[in-house]
Amino acid sequence: MARFHEYQVVGRKLASEQDPTPKLYRMRIFAPNDVVAKSRFWYFLAKLRKVKKTAGEIVSVNEIFEKRPEQIKNFGIWLRYDSRSGTHNMYKEYRGMSRVEAVTTCYQDMAARHRARFGSVQIIRVAEVAVADVRRQYIKQLLTPKLAFPLPHRLQRVEKKHRALFQAKRPSTFY
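The sequence shown: position 32 = 875 (the numbering used here), numbered continuously.
Just to be clear, a hint being listed does not mean it is correct.
Claimed, not checked - In the PhoX-like style, the derived pairs of lysine-lysine whose C-alpha atoms are separated by at most 20 Å in a straight line are:
1. K890 - K856
2. K910 - K866
3. K896 - K856
4. K935 - K983
5. K866 - K881
6. K935 - K916
7. K896 - K916
8. K989 - K916
9. K895 - K856
10. K866 - K893
11. K910 - K893
12. K893 - K856
13. K866 - K856
14. K856 - K881
Simulated from the structure, these hints should not be mistaken for lab results.
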């Protein structure tokens, strides 16, 4: 089970006499649960528009699932994060089966490499990247056709009737 889920949160400013049909705002947010997703929605909307949680309402919250979860894909993630010295923009690439898996890996990577926790990382955009458009070398090396990993130092299986609990010599693991 993934640590994060992708939610589509739709919200708007409360209707008033001046604006009886306010504009709807939709965001795709990665969060552990829908409560955190709604909280992040209001956090981002307050930064982007003059709408606060007290003067607004959530219209709907839907979880988004991957269309092809059995196929490996390349993902590009545009993000911004607050470090100890300032705010930085960044583009990173990941390979995964789903957008959620790529974003989970991204959050772990940001925490490991940059000490940036969940609250200080803002995912701006997640897009599937075509093989020809991959920029990062650490992803390009995995795109070669007929990629194979050697399996050195393997033990040969011995039939059950020839197995012994103890051996007089160490096993030979090279061919």
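Query raised in the report: So which of those numbered hints doesn't the model satisfy?
Result: Violated hints: 2, 7, 11; rest satisfied.
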